[in-house]
Amino acid sequence: MDRAEPRGIQAGSGHDTAERDRRLIHAVARGSGDAVAELYDRHGAAVYGLSLRVLGQPDLAEEVVQDVFAQVWREAGRYDANRSTVAGWIVMLTRTRAIDRLRARRARPDVTAAVPERHADPLPSAAPTPEAETMSAEDVRAVRGALTLLPEQLRSLIELAYYEGLTHSEIAARTGMPLGTVKTRLRNAMGTLRSALA
Amino acid sequence: MTHDDLKASLPAFALGALDRDEQVVVARHVETCAECQAELATLQRVVDGIGLEAAPVTPPAALRGRVLDRVARDPGTALILEGRQPTMARPVSRPVWLMPLAMAASLVLAAAALFYAFTVRGELAALRRVNAVMQSPDVIRVDLKGQAVAAGATGRAFWSRTQGLVFSAAQLPALPASRVYQLWTITGTAASSAGLLATDGRGGASLAIALPPDAPRPDALGVTIEPAGGSPSPTLPIVMLGATGQ
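Residue numbers (this note's numbering), protein chains in the order written: chain A, 14 to 211; chain V, 5 to 250.
Check before you lean on any hint, since a few could be wrong.
[What the hints assert, rightly or not] Covered stretches of chain V (in silico footprint by chain A; criterion: 3 or more residues with CB under 8 Å from a CB of chain A, positions within the stretch not fixed):
| id | stretch |
| --- | --- |
| 1 | 50 to 56 |
| 2 | 67 to 77 |
| 3 | 135 to 142 |
| 4 | 165 to 174 |
| 5 | 204 to 213 |
| 6 | 226 to 240 |
By construction, these hints were calculated from the structure, which means they are not laboratory data. For clarity, every value in this text was computed on a predicted model and none was experimentally measured. Here a beta-carbon is modelled for each residue, glycine too, at the ideal position from N, C-alpha and C.
Based on the provided sequences and hints, a complete structural model is requested.
So, in structure tokens, the structure goes:
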């Protein structure tokens with residue numbers, strides 16, 4: 014079969030890629046199975062990579078990949094280009110699904126403290142974010158760069174929150190740090206990443 | 005909680021790290037506060053960026069079929085069977101000679117600043133390197149922006165795998181003798197030191213180095229403050245940062 018190797022998330026690396034993603038998502042909303050297949054070929058490796066990073070188990074990660082693309086299929090019509098790139102949206106769906114499974118696996122009592130799912134339940138916005146404000150490939154590199162340069166103690170807090178879906182209190186319990194310290198450090202770390210955005 | 009308290013909670017809200025009670029309070033506030041909505045939109049770009057940072061992993065080949073089967077069986081939308089293999093989008097590489105004129109012009113201006121810096125210091129080898137990097141067909145430019153600890157600082161780098169890396173910065177705050185600026189190239193999640201930056205009396209710094217032949221194309225360049233002598237990996241505040249373009 015003539016199939017390209019799955020590549021990483023194309024976070025709008027260039028206008029052409031982001032534009033292609035948008036065309037594909039609109040085609041999916043109109044019921045095109047081919048468009049889902051192409052989105053999978055473009056983003057499947059990133060979805061699988063992130064799921065694997067969160068869950069650490071290939072079988073569970075594969076289930077998340079299936080869930081995510083089924084959700085893309087069902088909810089493509091709700092994708093809002095003013096809020097994020099297609100890549101950003103797919104990543105958000107992936108993280109939500111993966112953390113849901115992580116919590117289910119842990120059988121934790123606080124499964125209701127779900128990760129905010131902004132596209133499924135969008136916050137009302139008085140002034141929609143302009144298209145230019147969505148995630149660009151350059152943003153991704155900048156955030157990645159800042160994350161790489163963060164001191165380990167700050168980066169690990171971001172990772173506990175992002176990849177494990179832990180809240181402030183849960184991070185404090187996990188690390189033994191005082192709650193106030195967790196809050197301050199996480200805020201500082203996010204502030205550093207935020208300043209990296211152009 | 006005051007508006008300022010709530011706004012200060014937005015980074016954790018965007019990450020989903022607030023405990024449930026706080027999450028509800030902040031969500032309610034954001035619904036009616038345009039300022040917090042705008043801030044949250046920016047923070048959500050940061051959160052998206054964190055997720056995009058995870059390394060892609062090629063899934064097992066059989067998974068593609070399972071995903072598409074599941075979609076085909078999903079009652080969510082009526083699937084239009086198009087009866088053909090999907091057309092694959094191929095990456096498009098942009099030849100250097102298609103570089104827009106404006107960018108070419110800015111290369112020349114930036115080169116002039118670098119030439120000046122090295123000329124003042126009488127560094128002929130560095131000047132030759134600047135010249136070679138600028139003329140290299142694989143040159144990429146990275147503009148670095150000052151971060152919180154040095155908001156006014158700016159930097160510009162030119163990177164060529166074949167010819168090396170040249171960098172200049174301005175408006176760097178003076179450091180105590182126990183600290184030094186260090187330049188890093190960042191590829192994926194790995195930061196690699198490109199060297200220490202000695203500042204002149206006016207906060208300027210420049211550097212020209214060769215690269216190993218297998219140097220990966222950087223995703224970003226950053227400058228941090230490190231203990232004198234530099235660090236094997238970054239430890240202290242980020243002073244400036246810039247991501248490579250396409």
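How the hints compare with the structure:
1. For the stretch 50 to 56 of chain V, the proposed coverage by chain A is satisfied: 7 residues have a C-beta within less than 8 Å of a C-beta in that chain, meeting the threshold of three.
2. A stretch counts as covered by a chain when three or more of its residues have a beta carbon under 8 Å from one of that chain; for the stretch 67 to 77 of chain V and chain A the count is 8, and the coverage holds.
3. Counting residues of the stretch 135 to 142 of chain V whose beta carbon lies closer than 8 Å to any beta carbon of chain A gives 0, which falls short of the minimum of three for the stated coverage.
4. Look at the stretch 165 to 174 of chain V against chain A: 0 of its residues bring a Cβ nearer than 8 Å to a Cβ of that chain, fewer than three, so the hint is violated.
5. Only when three residues or more bring their CB closer than 8 Å to a CB of chain A does the claim for the stretch 204 to 213 of chain V stand; here the count is 0, and the claim is violated.
6. Under a criterion of three residues with beta carbons nearer than 8 Å to beta carbons of chain A, the stated coverage of the stretch 226 to 240 of chain V is upheld, 5 such residues being counted.
Violated hints, listed in ascending order, are 3, 4 and 5; each of the other numbered hints is respected by the structure.
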